[in-house]
Amino acid sequence: MTRQKKQAIYGAVYILPSFLLMAFFTFIPIFMTMYFSFTKYNLGQPAAWIGLENYEKLISNSYLHQALLNTVHYVAVTVPLQTILSLVIAAFLSSRLRNRLGDLIRSMLFIPVVASLVASASVWNVIYETNGGILNQLLEAVGIPGFNWLGRKSTALNCVAAVAVWKNVGYFLVIFYAGIMNISTDVNEAALVDGATPLQRFWYITLPILKPITYMVVTLGIIWSFQVFDLVYKMTAGGPGRSTYTVAYLIYSYAFKDRRIGYAAALAVCLLIVILIIHGLQNLVFNDKDDDEPRKSRRLLV
Amino acid sequence: MKKRVTPGFVIGVFFCSLFAILCVLPLIYMVLMSFTQATTLKLHFSQINLLDFYNYWFALTKRGFAEGFKNSIIVVIGSCLLVDIVSAMAAYGFEKKPLPGKEKLFQVYLATMMVPGQVVLISMFVLVNRVGMSNTYSALILPMVGAFGIFLMRQFMQAVPNELIEAAEIDGSGEVRTFVTIVLPLVQPALITLTVFTFTGAWNNFLWPLIIMTRSNMYTLILNMSMLSGRNDTNYGLVMAGATLTFIFPFVLYIFLQKQFVEGIALGGVKG
Chain A
1 MTRQKKQAIY
11 GAVYILPSFL
21 LMAFFTFIPI
31 FMTMYFSFTK
41 YNLGQPAAWI
51 GLENYEKLIS
61 NSYLHQALLN
71 TVHYVAVTVP
81 LQTILSLVIA
91 AFLSSRLRNR
101 LGDLIRSMLF
111 IPVVASLVAS
121 ASVWNVIYET
131 NGGILNQLLE
141 AVGIPGFNWL
151 GRKSTALNCV
161 AAVAVWKNVG
171 YFLVIFYAGI
181 MNISTDVNEA
191 ALVDGATPLQ
201 RFWYITLPIL
211 KPITYMVVTL
221 GIIWSFQVFD
231 LVYKMTAGGP
241 GRSTYTVAYL
251 IYSYAFKDRR
261 IGYAAALAVC
271 LLIVILIIHG
281 LQNLVFNDKD
291 DDEPRKSRRL
301 LV
Chain B
1 MKKRVTPGFV
11 IGVFFCSLFA
21 ILCVLPLIYM
31 VLMSFTQATT
41 LKLHFSQINL
51 LDFYNYWFAL
61 TKRGFAEGFK
71 NSIIVVIGSC
81 LLVDIVSAMA
91 AYGFEKKPLP
101 GKEKLFQVYL
111 ATMMVPGQVV
121 LISMFVLVNR
131 VGMSNTYSAL
141 ILPMVGAFGI
151 FLMRQFMQAV
161 PNELIEAAEI
171 DGSGEVRTFV
181 TIVLPLVQPA
191 LITLTVFTFT
201 GAWNNFLWPL
211 IIMTRSNMYT
221 LILNMSMLSG
231 RNDTNYGLVM
241 AGATLTFIFP
251 FVLYIFLQKQ
261 FVEGIALGGV
271 KG
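Going down the list, the protein sequences come from chains A and B.
Position 22 of the first sequence, counted from 1, bears residue number 22 in our numbering, the numbering being contiguous throughout.
Position 1 of the second sequence, counted from 1, bears residue number 1 in our numbering, the numbering being contiguous throughout.
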């Protein structure tokens, strides 16, 4: 056997364990879900092929309409907020506060990242609590009447979104900060010599160079927000009314409460398609002109 | 370059500090409230008694937290070992071995990161039940292997010089020996980073354990904690004690391995 061939076989052996695990716990389930989406399959009964019926039912499902609106609302609140906050803080800390205080601030911002979503949701439930929650206590101290934050249709979803932003800013800050530290100092010094103000340097130097990283942060943010489950499950369970039903929560309740696997699978496939479409649109937005910078960061996210 | 104290600088420092404090306050609130007997109907700061560990005692002995700790620790240790070994092997194969079609396969791996968890979860539930693996530790440990870990390891594997591997081979070192005694020590920082991520991922995992663990003696700590809150009258003091117990381990890990956390995240974003 040639050395080349032997090495190739070793390669296969090294990759095999990961392949088997990914096959059983990722690849096969993805195809099974696609198959189930064309079947009537309630847990405990055999799956029966029904073609597009699940999808047809989904189109007229008013819960789904509400869940889609809510999910888009949730994404539209969380993604811009967490992206801009983490970018602005990272830019400020890296350019003006490279000292112990800056390090401390970064460390503090990261702490919510390591807390579980379930624990975070429980803590914020107490903070939002109408009678005696700290938020209402603070408001009442300055003479503003308390409010049922999670119990009102108008505020519940935004309150959940606020928790996600609280939890994510530290994570994206780390990514932006590392990206800014990677920018060569020559560029900034040249701009400084030319008399550029800090704001100009941020706008004309930092921001364009960070484009591929921003692309990744936005992509990750969208994917995470589209799948929001733990927070909704622990904070509002979809309520009040249907005001915090999200697509992921709906999939969970169809599949594991109602045990309608086929129907839930169809909804999950729709979610996948929506995420792929958004990803495609995003590529168009970020891929303008002739620079292929975004492509570099896409190694992680396809 | 001299730094002048401008109004913009002051506002910036104020804003960043305020936001940092806002990030930490809820968790301090959590710890403080865990020392109260607060229920939905009476919730107030004045009840805090820092010497009263009743909630912690109650959670550990009466609400299955002791067992939850045991289950979570088994799952976390199992996951870290498995993910480290499998990811390092795969990364080495992808980066250093001439297997035809490996880049295509790697792209397929990465593509799975775009797929929403629910798409996988539904059928994984059916599959795992079918093979009788529900309510086992394996059901929580085996699916932890994923594209992220392999991607992360591969980034570090690039820095291992090929000459070193070839030299070892010429010296008569066998394949396994080269991998274990030369390659693994060189990527040790990456293994620590990956361990940190797998630890928090497995520890904080919620939806999958929720649907696959139906027997309460197999609940992980997060599940135990999630079961604490009732529908109507919730003992908030107890819930906060539970939340604090789930938070301690990842928090201590973060305090000691801050660099590895930050490195792993930054690497995904910057080098990619």
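For the record, the hints were derived by calculation from the structure and aren't laboratory data.
Quick caveat: nothing in here was measured; it's all calculated off a predicted structure.
Cβ coordinates follow ideal geometry from the N, Cα and C atoms, glycine included.
Treat the hints with care, since some could be wrong.
[To be verified] Reference excerpt, derived from the structure (chain A facing chain B, CB under 8 Å, subset only): (1) 4; (2) 17; (3) 114; (4) 122; (5) 123; (6) 175; (7) 193; (8) 265; (9) 284.
[Claimed, not checked] With the Cβ distance kept under 7 Å, some of the chain B side facing chain A (calculated, not the full set): (10) 89; (11) 131; (12) 132.
[As the list claims (entries may be wrong)] Estimated spans, in silico, between C-beta atoms of each pair: (13) 284(A) / 100(B): 32 to 38 Å; (14) 186(A) / 6(B): 38 to 44 Å; (15) 193(A) / 85(B): 37 to 43 Å; (16) 135(B) / 207(A): 25 to 31 Å; (17) 215(B) / 6(A): 43 to 49 Å; (18) 148(A) / 180(B): 58 to 64 Å; (19) 148(A) / 217(B): 34 to 40 Å; (20) 44(A) / 37(B): 42 to 48 Å; (21) 28(A) / 104(B): 14 to 20 Å; (22) 185(B) / 9(A): 22 to 28 Å; (23) 135(B) / 9(A): 37 to 43 Å.
We went through each hint and held it up to the structure:
1. 4: holds (6 Å)
2. 17: For residue 17(A), the interface hint holds, since the closest Cβ of chain B sits about 5 Å away, which is under 8 Å.
3. 114: Cβ of residue 114(A) sits 4 Å from chain B, so the hint holds.
4. 122: holds (5 Å)
5. 123: Where the cut-off is 8 Å and the nearest Cβ of chain B is about 4 Å from residue 123(A), the hint holds.
6. 175: holds (4 Å)
7. 193: violated (11 Å)
8. 265: holds (5 Å)
9. 284: At about 16 Å, which exceeds the 8 Å cut-off, the nearest Cβ of chain B leaves the hint on residue 284(A) violated.
10. 89: Where the cut-off is 7 Å and the nearest Cβ of chain A is about 5 Å from residue 89(B), the hint holds.
11. 131: violated (9 Å)
12. 132: Residue 132(B) check fails; min Cβ-Cβ to chain A is 14 Å, beyond 7 Å.
13. 284(A) / 100(B): 32 to 38 Å: holds (34 Å)
14. 186(A) / 6(B): 38 to 44 Å: The hinted range 38 to 44 Å is violated for residue 186(A) and residue 6(B), with Cβ atoms some 24 Å apart.
15. 193(A) / 85(B): 37 to 43 Å: violated (52 Å)
16. 135(B) / 207(A): 25 to 31 Å: About 51 Å separates the Cβ atoms of residue 135(B) and residue 207(A), which means 25 to 31 Å is violated.
17. 215(B) / 6(A): 43 to 49 Å: 48 Å Cβ-Cβ, so the 43 to 49 Å window holds.
18. 148(A) / 180(B): 58 to 64 Å: Cβ of residue 148(A) to Cβ of residue 180(B): about 60 Å, so the range 58 to 64 Å holds.
19. 148(A) / 217(B): 34 to 40 Å: Holds: the Cβ-Cβ distance is about 38 Å, inside 34 to 40 Å.
20. 44(A) / 37(B): 42 to 48 Å: holds (43 Å)
21. 28(A) / 104(B): 14 to 20 Å: holds (18 Å)
22. 185(B) / 9(A): 22 to 28 Å: holds (25 Å)
23. 135(B) / 9(A): 37 to 43 Å: Holds, at about 38 Å.
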